[in-house]
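There are 2 protein chains.
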Amino acid sequence: MSAVISEKPRTFRAGAFGHARALVCRECGHEVELGPHYACPECFGPLEVGYDDEARARVTRADIEAGPSNIWRYKALLPVPDDIEQSPNTEPGFTRLLRAHNLGRVLGIETLWVKDDSTNPTNSFKDRVVACALSAARELGATTFACPSTGNLANAVAAAGARAGIKTVVFIPSDLEKPKQVNSAVYTDSLVAVNGTYDDVNRLASEIAGEEEGWAFVNVNVRPFYAEGSKTLGFEIAEQLGWRLPDQVVIPVASGSQLTKVDKAFQELVGLGLVEDKPYRIFGAQATGCSPVSAAYKEGTDAIRPVKPDTIAKSLAIGNPADGIYVLDICRRTGGAVEDVSDDEVRQGILLLARNEGIFTETAGGTTVGVTKKLVENGLLDPTLETVIINTGMGLKTLDAVSDAVGPAATIDPSYAAFTATGIGARD
Amino acid sequence: MSAVISEKPRTFRAGAFGHARALVCRECGHEVELGPHYACPECFGPLEVGYDDEARARVTRADIEAGPSNIWRYKALLPVPDDIEQSPNTEPGFTRLLRAHNLGRVLGIETLWVKDDSTNPTNSFKDRVVACALSAARELGATTFACPSTGNLANAVAAAGARAGIKTVVFIPSDLEKPKQVNSAVYTDSLVAVNGTYDDVNRLASEIAGEEEGWAFVNVNVRPFYAEGSKTLGFEIAEQLGWRLPDQVVIPVASGSQLTKVDKAFQELVGLGLVEDKPYRIFGAQATGCSPVSAAYKEGTDAIRPVKPDTIAKSLAIGNPADGIYVLDICRRTGGAVEDVSDDEVRQGILLLARNEGIFTETAGGTTVGVTKKLVENGLLDPTLETVIINTGMGLKTLDAVSDAVGPAATIDPSYAAFTATGIGARD
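Chains A and B are the protein sequences, given in the same order. Mapping the first sequence onto the working numbering, position 70 (from 1) lands on 78, and the numbers just tick up by one. Mapping the second sequence onto the working numbering, position 145 (from 1) lands on 153, and the numbers just tick up by one.
No lab work stands behind these hints, which were simulated from the structure alone. Just so it is clear, the structure is predicted and the values come from calculations on it, not from any experiment. A hint or two may mislead.
Treat identical chains as interchangeable: a pair holds within one or across any two.
Simulated pairs of lysine to aspartate or glutamate, DMTMM-like, Cα-Cα distance not exceeding 25 angstroms [said to hold, decoys possible]:
no.	residue 1	residue 2
1	K316	D60
2	K186	D421
3	K286	D421
4	K306	E185
5	K186	D408
6	K316	E284
7	K382	D255
8	K272	E35
9	K286	E307
10	K382	E35
11	K186	D208
12	K306	D285
13	K272	E50
14	K316	D90
15	K306	D352
16	K186	E385
17	K382	E56
18	K186	D412
19	K188	D421
Could you build the full structure based on these sequences and the hints that come with them?
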């Protein structure tokens with residue numbers, strides 16, 4: 009399946025997509041030329057970006073280290089042109105990888121790291137994928153940059169579009185909380201509220217992509233390019249560890265795309281000789297209220313049964329995850345697992361990360377921390393192995409999840425006597 | 009004036025404060041040994057960190073460039089030990105410097121940059137100063153890490169303290185908005201609400217600092233160390249421009265400390281031979297509802313008349329700014345100016361930055377953008393010279409400032425016909 013970005017056949021400039029060679033079907037291997045295509049014309053499987061590996065083999069660690077402190081340091085491994093830094097974009101990535109001594113102690117994990125993507129330009133990992141989608145949209149000649157979304161993606165698309173000076177249209181369900189609407193509407197005058205569920209919004213987006221000329225929907229018709237952006241999380245983890253792979257990684261699962269791309273990133277680094285090959289385990293994290301992949305993992309099946317989401321982890325609430333089966337494959341192949349936790353455990357996860365490492369995450373991050381705790385308790389994650397957990401977003405966007413759980417320890421009059429009476433000064 | 013951090017005389021380990029040599033009075037030049045001192049015993053002037061310039065003269069650009077992607081790349085120019093990266097901290101800084109083509113076009117400035125500190129760990133520049141204060145607190149043997157604050161500083165202190173594993177107590181006025189309380193309480197179980205104004209909270213903090221053993225109040229008794237952290241904004245701007253100074257910088261003014269430290273940073277870089285000497289102009293930005301420095305600038309006096317703040321730019325609402333007179337000195341000496349804008353112009357400034365560059369700033373950033381616009385209009389800022397504006401915080405913390413101004417362009421049923429009827433698809 010493809011969408012009409014331009015009705016005229018189009019020639020792209022040399023190097024428009026870097027070392028990308030073709031779009032390759034993940035199911036049957038059929039190849040399609042680079043363009044606004046997202047499903048295999050043979051088997052309807054998802055298309056992925058394939059590369060010219062001979063060209064990429066020349067990339068060295070030194071080249072990467074000499075690059076900018078954002079995802080473009082990895083531009084030779086992405087479907088973007090060599091002059092990508094010259095085009096206005098939000099410059100996401102190269103976020104903190106923090107050694108989490110305190111949280112590790114609490115969870116009983118000897119060597120724990122947190123990859124903190126909450127400090128991206130619009131405070132979630134979505135800035136990475138949107139930056140790659142923006143490049144593709146530009147090279148494909150799109151005139152409108154769009155997405156259906158309920159939150160983080162809408163923020164990232166609206167911000168990147170504003171900075172790039174391209175017309176941006178963002179579609180959301182009309183019952184979305186006002187703060188999330190504001191956080192997108194501040195960037196664009198074309199926020200469209202749709203009476204319906206997120207699935208309704210999604211269907212409308214696909215229809216517009218097929219009908220209107222010049223529209224690039226980041227997560228629909230330029231999805232193969234978009235998804236490659238998540239690889240940079242894997243690249244950064246390896247580089248920030250000193251060019252080596254960790255033993256275990258815990259990653260939240262919504263559509264499942266991010267988890268599959270971190271695995272792809274590790275495989276590419278090994279294939280290009282940038283890190284040594286070694287075993288690693290990948291774990292997926294879901295909230296119980298939307299855990300179709302975890303359910304399938306536990307049942308030992310390959311079939312993902314779609315669910316109707318009911319969880320506070322709304323950024324993970326995709327009931328029919330497109331890449332769910334690939335998540336199962338990867339977690340099983342690498343010796344990892346998929347696990348889920350209750351909304352209460354999600355809330356506790358948020359507080360565990362905040363109180364121990366000073367990172368205020370959103371519900372997706374609370375899910376990842378909660379699942380990591382559970383994986384140690386049920387013996388699926390080896391606490392003696394080096395472990396990285398990915399924090400994908402930030403707490404101010406889902407403030408309600410913890411606003412009833414925390415507050416002042418005391419309210420006092422402004423006197424030293426009133427303060428000493430609280431006993432807080434004497435606490436250990 | 010000094011505070012009791014430890015009642016026993018204390019010897020510090022060698023290099024505990026890097027190349028810092030003494031605390032020097034900004035008014036009379038009197039020198040005090042390094043310690044928890046903040047006011048000159050001779051004249052009560054503010055103490056600043058003085059350095060061993062011979063030791064610092066050995067620092068090269070290459071040393072700095074080989075450092076981490078955070079403020080510790082400048083550790084040799086800060087009052088911190090050489091092994092600072094080994095102590096758990098939030099690793100702030102090295103934030104984006106974005107070329108702002110769109111905003112420049114709108115404001116009529118040929119070459120405009122935005123230094124975006126909203127992507128720091130707790131989303132404001134306060135993470136920089138708190139990281140330096142934390143190092144001092146640790147070396148001074150403090151057992152409690154504290155501050156009086158209304159918002160950004162409280163977040164930064166509570167997060168840094170959690171990560172460092174030090175007991176943290178944060179004092180806020182009890183009428184603070186709930187979201188701001190949550191954003192601190194999520195990190196610490198010792199948030200103390202005080203019935204009174206911010207000034208009351210501040211006075212209580214000074215009293216506790218003088219009475220209790222082992223307390224480091226970041227903005228009270230370790231303020232000289234804390235304030236040095238703001239220099240990293242100046243260092244980064246120069247490095248990110250390719251090791252040169254800009255022609256003009258616009259900086260928001262609350263206490264005025266940040267503006268004075270950016271100037272100090274530029275002077276240090278010149279003095280150490282890391283950038284070429286050249287003229288630069290520094291401009292201060294205030295909201296009219298709390299503009300004591302701007303008022304004094306316009307009146308041509310040296311005396312700052314304290315005011316009772318009444319503005320939506322609450323993070324700039326310091327009615328009696330400690331460094332106000334130094335701001336006046338610097339803006340006048342460099343050929344800059346201090347200007348102020350109304351709350352409406354602050355809101356417009358937030359939207360200008362969001363719509364043109366995809367950065368969602370808080371009211372302080374809206375003030376800076378609004379003032380920059382006004383400075384071009386009244387001829388005080390030269391639009392042909394290279395200009396940097398500093399964005400110090402992020403919009404999710406002051407959502408109310410714009411939540412009534414933006415929203416969906418249309419609310420529709422989920423059908424293509426309903427969408428085309430809006431006319432949004434046909435818009436340019």
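Hint by hint, here is what the structure shows:
1. K316 x D60: neither (41 angstroms within a copy, 65 angstroms between copies)
2. K186 x D421: Between copies only: 19 angstroms across chains, 35 angstroms inside a chain, cut-off 25 angstroms.
3. K286 x D421: neither (60 angstroms within a copy, 52 angstroms between copies)
4. K306 x E185: For K306 and E185, neither the intra-copy (34 angstroms) nor the inter-copy (44 angstroms) Cα distance is at most 25 angstroms.
5. K186 x D408: both (13 angstroms within a copy, 11 angstroms between copies)
6. K316 x E284: neither (42 angstroms within a copy, 62 angstroms between copies)
7. K382 x D255: within (18 angstroms within a copy, 55 angstroms between copies)
8. K272 x E35: Intra 15 angstroms, inter 60 angstroms, cutoff 25 angstroms: intra-copy only.
9. K286 x E307: neither (29 angstroms within a copy, 69 angstroms between copies)
10. K382 x E35: neither (33 angstroms within a copy, 58 angstroms between copies)
11. K186 x D208: within (20 angstroms within a copy, 34 angstroms between copies)
12. K306 x D285: Result: close neither inside a copy nor across copies, 29 angstroms intra and 66 angstroms inter.
13. K272 x E50: Classified as within; 23 angstroms inside a copy, 65 angstroms across copies.
14. K316 x D90: neither (43 angstroms within a copy, 54 angstroms between copies)
15. K306 x D352: within (21 angstroms within a copy, 56 angstroms between copies)
16. K186 x E385: Close neither inside one copy (38 angstroms) nor across copies (35 angstroms); limit 25 angstroms.
17. K382 x E56: Neither: 33 angstroms inside a copy, 49 angstroms across copies.
18. K186 x D412: both (19 angstroms within a copy, 10 angstroms between copies)
19. K188 x D421: between (36 angstroms within a copy, 20 angstroms between copies)
Violated hints, in rising order: 1, 3, 4, 6, 9, 10, 12, 14, 16 and 17; the structure is consistent with all others.
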